[in-house]
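> Below, each chain spelled out in residue letters.
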Amino acid sequence: MDSLSQLDQVKTTAWSGGRSPWSVEYGKIMMWFFLLSDAFTFSSLLVYYGAQRFTKFAWPDPDLVFQSIPGIKDSGAPLVFVGLMTFILIMSSVTMVLAVEAGHRRAKKEVIGWMIATIIGGFMFLGCQALEWSHLHHEGFWWGTIPGIEELKHFFDPSVTNEAAMKVSGQQFANLFFTITGFHGFHVFSGVLINCIILGMTINGTFERRGHYLMIEKVGLYWHFVDLVWVFVFTFFYLV
Amino acid sequence: MSEHHTHTEEHGHGEHAALDKKKIWQVFGILLVITVIEFIIALVIIPKGLMSQHVGNFVYIALTLLKAFYIVAYFMHLKYEKLGLQLCLTVTFVFILYFITLMLIEGGYLHLHMSAAV
Numbered sequence: 001m002d003s004l005s006q007l008d009q010v011k012t013t014a015w016s017g018g019r020s021p022w023s024v025e026y027g028k029i030m031m032w033f034f035l036l037s038d039a040f041t042f043s044s045l046l047v048y049y050g051a052q053r054f055t056k057f058a059w060p061d062p063d064l065v066f067q068s069i070p071g072i073k074d075s076g077a078p079l080v081f082v083g084l085m086t087f088i089l090i091m092s093s094v095t096m097v098l099a100v101e102a103g104h105r106r107a108k109k110e111v112i113g114w115m116i117a118t119i120i121g122g123f124m125f126l127g128c129q130a131l132e133w134s135h136l137h138h139e140g141f142w143w144g145t146i147p148g149i150e151e152l153k154h155f156f157d158p159s160v161t162n163e164a165a166m167k168v169s170g171q172q173f174a175n176l177f178f179t180i181t182g183f184h185g186f187h188v189f190s191g192v193l194i195n196c197i198i199l200g201m202t203i204n205g206t207f208e209r210r211g212h213y214l215m216i217e218k219v220g221l222y223w224h225f226v227d228l229v230w231v232f233v234f235t236f237f238y239l240v
Numbered sequence: 001m002s003e004h005h006t007h008t009e010e011h012g013h014g015e016h017a018a019l020d021k022k023k024i025w026q027v028f029g030i031l032l033v034i035t036v037i038e039f040i041i042a043l044v045i046i047p048k049g050l051m052s053q054h055v056g057n058f059v060y061i062a063l064t065l066l067k068a069f070y071i072v073a074y075f076m077h078l079k080y081e082k083l084g085l086q087l088c089l090t091v092t093f094v095f096i097l098y099f100i101t102l103m104l105i106e107g108g109y110l111h112l113h114m115s116a117a118v
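Quick note, the sequences are listed as chains A and B, same order. Just so you know, we're using the UniProt record's numbering here: the first sequence kicks off at 1 and counts up by one. Just so you know, we're using the UniProt record's numbering here: the second sequence kicks off at 1 and counts up by one.
For the record, the hints were derived by calculation from the structure and aren't laboratory data. As the structure is a computational prediction, the values presented were derived from the model and not from experiment. Among the clues, some could well be false.
Said to hold, decoys possible - List of simulated lysine-lysine pairs, DSS-like, C-alpha gap at most 30 Å:
1. B/82 x B/22
2. A/153 x A/167
3. B/82 x B/23
4. B/82 x A/11
5. B/82 x B/21
6. B/23 x A/109
7. A/108 x B/23
8. B/21 x B/79
9. A/167 x A/73
10. A/108 x B/79
11. B/22 x A/109
12. B/23 x B/79
13. A/73 x A/153
14. B/21 x A/108
15. B/48 x A/73
16. B/48 x A/153
17. B/79 x A/109
18. B/22 x A/108
19. B/79 x A/11
20. B/82 x A/108
21. A/109 x B/21
22. B/79 x B/22
All chains should be modelled from the sequences, with the hints used to inform the complete structure.
Shown next as structure tokens:
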């Protein structure tokens, strides 16, 4: 073959057209791009939270704010309840990925089982978050509302004495906590709804007729993303 | 359209080989162990004064990024995707790094120059 006829040959490389260069299905790639934009939204919220916290002279001590286990212990157990929430969410991520794995094998029954487990995990997480919110709300925190200064003092390290600084950062903390965990909780809620929908479609046999369970993968991506965001929320609100 | 489906199905088979149940539970174990380490740091190491809160924060962030890697790489399957998609979805976060740097510089300035009441 001379060099001139080589020019006429049809190129078949990944980027020469006629095929998906990343061999990813359209809906899946769009889910990735949606998640990327969503990651930017969450990043902005968390970066703003970080900047506020970095700027302030005092900040409520997470071990003093979050130290109850609703219904069991009122104080003295920092991180235990949120640890349970983290475990639930990681666990439901695992059951989701197991559903995706079962989908690859087109094992309808297994997909149904793992999806139900994922949905239960999602509801458990939402329930825990509702308890966490109502606990904080009963202590006097809400958007635009903080406890009186005497109660507020209990949430700060004893070395902090500046009351004005406590009020300002206490309010910032409350606003940001409810906004960020609320936005995350809204994602969990919509994730549970979408999971319910695809569970219904699986039971109906829609994916079986379609010949593939790609929809489970796409929704799985969204569900893992929710878990991923929680990993960051957990670190920046409860640990740091 | 039908051609498209063949592509994705081929892809599906490739993925199947890459992430099996054993690997999934392995990743779950890693995520759990990292979380437990974070708890030990928060409840034992820092209260005992073996590590300052400042150093602890850096450790927390490093561990968080490690967890994020395992979730994105294995659960979200990014490790098994084509390099182009991987780069497209990760390099973009350079903007977030830029934003963080910017806000920390700004925050540092405000911390030094504003009164405690603001």
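> Evaluate each hint against the coordinates.
Going through the hints against the structure:
no. : hint          : verdict
1   : B/82 x B/22   : 23 Å, holds
2   : A/153 x A/167 : 9 Å, holds
3   : B/82 x B/23   : 20 Å, holds
4   : B/82 x A/11   : 19 Å, holds
5   : B/82 x B/21   : 22 Å, holds
6   : B/23 x A/109  : 21 Å, holds
7   : A/108 x B/23  : 21 Å, holds
8   : B/21 x B/79   : 16 Å, holds
9   : A/167 x A/73  : 27 Å, holds
10  : A/108 x B/79  : 26 Å, holds
11  : B/22 x A/109  : 20 Å, holds
12  : B/23 x B/79   : 13 Å, holds
13  : A/73 x A/153  : 21 Å, holds
14  : B/21 x A/108  : 16 Å, holds
15  : B/48 x A/73   : 23 Å, holds
16  : B/48 x A/153  : 24 Å, holds
17  : B/79 x A/109  : 28 Å, holds
18  : B/22 x A/108  : 20 Å, holds
19  : B/79 x A/11   : 27 Å, holds
20  : B/82 x A/108  : 28 Å, holds
21  : A/109 x B/21  : 16 Å, holds
22  : B/79 x B/22   : 16 Å, holds
The structure is consistent with each of the numbered hints, conforming to all of them.
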